[in-house]
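Number of protein chains: 2
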Amino acid sequence: VSQLPLEPAAASDAKLKLLLAYDGTDFRGFVAQPAVRTVEGVLTSALERMLPAPVSLSCAGRTDAGVHAWGQVVTCPAPVTLDPQRVQRSLNAQLGPEVVVRTAELVDRVFDARHSARARSYRYTIVNRDQPDPFLSRYAWWVPGSLDRTLLRLAADPFVGEHDFASFCRRGPVGSTTVRRVRSSTWCELGDGILRYDVTADAFCWQMVRSIVGTLVDAGRGKVRPGDVTGILARRDRAAAGVIAPAHGLCLWAVAH
Amino acid sequence: VSQLPLEPAAASDAKLKLLLAYDGTDFRGFVAQPAVRTVEGVLTSALERMLPAPVSLSCAGRTDAGVHAWGQVVTCPAPVTLDPQRVQRSLNAQLGPEVVVRTAELVDRVFDARHSARARSYRYTIVNRDQPDPFLSRYAWWVPGSLDRTLLRLAADPFVGEHDFASFCRRGPVGSTTVRRVRSSTWCELGDGILRYDVTADAFCWQMVRSIVGTLVDAGRGKVRPGDVTGILARRDRAAAGVIAPAHGLCLWAVAH
Chain A
1 VSQLPLEPAA
11 ASDAKLKLLL
21 AYDGTDFRGF
31 VAQPAVRTVE
41 GVLTSALERM
51 LPAPVSLSCA
61 GRTDAGVHAW
71 GQVVTCPAPV
81 TLDPQRVQRS
91 LNAQLGPEVV
101 VRTAELVDRV
111 FDARHSARAR
121 SYRYTIVNRD
131 QPDPFLSRYA
141 WWVPGSLDRT
151 LLRLAADPFV
161 GEHDFASFCR
171 RGPVGSTTVR
181 RVRSSTWCEL
191 GDGILRYDVT
201 ADAFCWQMVR
211 SIVGTLVDAG
221 RGKVRPGDVT
231 GILARRDRAA
241 AGVIAPAHGL
251 CLWAVAH
Chain B
258 VSQLPLEPAA
268 ASDAKLKLLL
278 AYDGTDFRGF
288 VAQPAVRTVE
298 GVLTSALERM
308 LPAPVSLSCA
318 GRTDAGVHAW
328 GQVVTCPAPV
338 TLDPQRVQRS
348 LNAQLGPEVV
358 VRTAELVDRV
368 FDARHSARAR
378 SYRYTIVNRD
388 QPDPFLSRYA
398 WWVPGSLDRT
408 LLRLAADPFV
418 GEHDFASFCR
428 RGPVGSTTVR
438 RVRSSTWCEL
448 GDGILRYDVT
458 ADAFCWQMVR
468 SIVGTLVDAG
478 RGKVRPGDVT
488 GILARRDRAA
498 AGVIAPAHGL
508 CLWAVAH
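Chains A and B, in that order, are what the protein sequence lines are. For the first sequence, the numbering used here begins at 1 and goes up steadily by one. For the second sequence, the numbering used here begins at 258 and goes up steadily by one.
Hints are supplied without guarantee of correctness; some may be wrong.
Away from chain A, derived, C-beta distances all over 10 Å, residues of chain B [to be verified]:
#1 D280
#2 V299
#3 D365
#4 A511
Computed footprint of chain A on chain B; a stretch qualifies when at least three of its residues, placed anywhere within it, have a C-beta under 8 Å from a C-beta of chain A [to be verified]:
#5 350 to 363
#6 382 to 390
Listed next, the stretches of chain A that the computed footprint assigns to chain B, with coverage defined by at least 3 CB atoms under 8 Å from CB atoms of chain B [what the hints assert, rightly or not]:
#7 16 to 24
#8 130 to 136
#9 179 to 190
I should point out that these hints are in silico values taken from the structure, not numbers from a laboratory. Every residue gets a Cβ at the ideal spot worked out from N, C-alpha and C, and that includes glycine.
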């Protein structure tokens, strides 16, 4: 009779789940990379003072350089004896206010921030005024000139549903699909020329939201007709869509698990 | 018959009036000082490329290091032939979005940003939540813990009217008065724990708003009773008031001329 493999040590009998907000300005994105400052990098270093190394994080949204988060979710294996409130206090003391742990809890080890996520919501903010705004310049794309609100809304509608988003994605790994299901795609005007675009999907491919926003702004400027969006989707060609909106206007808003 | 003094040259027959917004985070205040970065310093350098040097600015509010402005007003002598829109475009291209010229116009030379100002309004923002907010940390004071809204409002009322604010001012030049007339002193809650204190007066003495806010927060925490504010004013002693709230929550909101 062969020996059964040992159960994982008690050290990883649970998962630590963190709800994170961060200002992405001074990070080269979420995912750890050698020799550059990333959110995962600073978070892992701080967690390794409290958890058995190496700490391996899973995240719901792999935000790019300069992209912010209000509702990022990350998980990592953790002992059931860990006090999540102590972890939250320690992380916020070390990393706040640039990276803030909004909530921390222990969850079942089958839960995974990435694989258990059912939907992600991103928010893109635009300031449509003649002059930029010093207080929003880190968190919103300044778009001067005329931007037709009706055209913005009409152009946002065709994205809803299941589509191949190849026209709105940078190429991923060979063989990976660019089919995604968008649940909602809406604009909201806050006044003072501040416009918010909220989009929710099961998942997003690389630079998809920024690419959609670039095309929407082209529609608002009258350079693309809302009726053309369906055709741009159908071409499944990155060259068919407009410019990619800058990273600093984008924020990973919420994740549904 | 003695000669009449010559009229000023045509070069200064008018004034340039700028309405400015700036993020004060990386400035050592408005007023130019040797060897440090100030708003007046960068603005004067940029203006001296367009106007006869030396450029001498007058400003409505001498904001301290780290204090922001949405509605700062500055003036300087300028030729009547100057195109203010060209100045605005050039300044915004050089200094934006950290310093933004919201409007630029030529005005009569008797107008002066400082001496013609009839009232200044400052806004102080507080985030009253358990955890800090990465997107508001540059522009709001994070105050965790309980903060009673009713006590905040009751404590703000006694500041209205003409008072000697010696208890709420750092000492100015010898012989200068600390008597000021406060026109309004109000709190507004924006939701999500964001609180705004708006105060308008004919003028403010040094660190007066931050000193008032420090005492108001003490009242909200139950450390000072609203009824004590009148007595603190009457003592005319800096030691009678509470801590000075941090600079980064303060913004020069508007100036009435």
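We went through each hint and held it up to the structure:
1. D280: Violated, since 4 Å does not exceed 10 Å.
2. V299: Per Cβ check, B/V299 is outside 10 Å of chain A; nearest 13 Å; holds.
3. D365: Non-interface label on B/D365 holds, nearest chain A Cβ at 24 Å vs cutoff 10 Å.
4. A511: holds (15 Å)
5. 350 to 363: With 7 residues closer than 8 Å to chain A, the region 350 to 363 of chain B meets the three-residue bar; holds.
6. 382 to 390: Check passed, 3 qualifying residues.
7. 16 to 24: holds (count 3)
8. 130 to 136: Coverage by chain B holds here, the residue count being 5 at a Cβ distance below 8 Å.
9. 179 to 190: That given contact is violated, which follows from only 0 residues of the region 179 to 190 of chain A lying within Cβ reach (below 8 Å) of chain B.
Checked against the numbered hints listed earlier, the structure breaks hints 1 and 9; every other hint is satisfied.
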